[in-house]
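Residue-level listing of the chains:
2 protein chains.
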Amino acid sequence: MDKAKITFGTREDKKALEEHPVFAPKFDADGLIPAVAMDAETKEPLMLAYMNAESLQQTLALGEAVYFSRSRQEIWHKGATSGHVQKVKEIRTDCDQDAVILYVEQLGAGACHTGRTTCFYRVVDLEKGTHPTALSFTEADLSFDPNSVYGK
Amino acid sequence: MDKAKITFGTREDKKALEEHPVFAPKFDADGLIPAVAMDAETKEPLMLAYMNAESLQQTLALGEAVYFSRSRQEIWHKGATSGHVQKVKEIRTDCDQDAVILYVEQLGAGACHTGRTTCFYRVVDLEKGTHPTALSFTEADLSFDPNSVYGK
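Chain order of the listed sequences is Z and S. Adding 6 to a residue's 1-based position in the first sequence gives its number in our numbering. Adding 6 to a residue's 1-based position in the second sequence gives its number in our numbering.
Take these hints with a grain of salt, some might be off.
Identical copies carry no separate label here, and so any pair may be met within one copy or between two of them.
Claimed, not checked - BS3-like mimics (lysine-lysine), calculated; alpha carbons at most 27 Å apart, straight line: (1) LYS32 <-> LYS20; (2) LYS11 <-> LYS49; (3) LYS11 <-> LYS32; (4) LYS93 <-> LYS49; (5) LYS49 <-> LYS95; (6) LYS32 <-> LYS49.
Source of the hints: derived by calculation from the structure; they are not laboratory data. Since we're looking at a predicted model, the values are computed, not measured.
With the hints as constraints, model all of the structure from the sequences given.
This is the structure:
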């Protein structure tokens with residue numbers, strides 16, 4: 007899409023937000039909406055990050071995921087440093103339009119800065135009753151060396 | 007797990023949060039963490055909601071999804087009204103532990119209060135370049151009558 011022309015609908019009543027075919031995303035008090043990136047092929051979740059209106063517009067214009075980094079307080083074109091760009095295949099929103107899901111093709115070795123294919127590489131131990139609650143690592147093993155990609 | 011015994015780890019340095027097998031979830035300034043529920047069978051996303059520490063502890067204790075309703079500002083045991091309980095099969099967290107994903111068995115007709123199987127029933131039109139940006143409805147059609155389940 008032409009970025010200059012990307013606009014969002016106005017948020018009217020609840021019924022309209024739920025049933026109208028108009029994208030009217032809700033940005034919170036900090037101007038952000040949560041965005042979950044999932045692998046378009048495997049349906050595995052890759053990461054959860056946030057977008058502001060500008061980064062969502064850039065995502066639509068570029069066809070690549072652009073987030074807003076809360077820690078750095080800046081627009082964050084995923085993959086700009088690492089080459090691990092996320093090509094957007096589909097974007098969904100939910101009933102009240104306060105969340106988005108991106109189905110992406112993850113380029114490069116993985117989505118996570120720890121060197122893994124996904125950020126969701128740990129599972130909560132539901133049965134063990136450990137204190138504090140324990141995590142187990144999944145098979146989403148190190149797929150690249152983060153230092154060689156991101157530097158120290 | 008025994009709810010009385012459910013505790014979370016303390017959030018230490020970044021490396022520990024990423025690499026230690028201890029669940030130390032980050033709750034934001036409002037005491038909340040985003041939680042994405044996905045169908046354990048189909049891997050389709052069902053909804054994105056929020057949990058506070060208490061609702062996360064209840065989720066672990068019950069084995070059913072318990073959220074915190076931001077609009078009502080109260081603990082929200084999903085399905086308490088509708089019968090559409092979410093049986094928790096797996097919970098994952100991400101590298102910095104500020105998000106969780108729940109793989110659930112969705113009981114009843116669907117997750118969404120609009121009467122659909124999923125809240126993510128609309129897709130952003132990436133190609134059309136409409137102003138404002140348009141949404142298309144997916145095949146996640148009405149699977150139940152919300153009025154008969156939730157009342158008016």
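Violating hint indices (sorted, rising): 2
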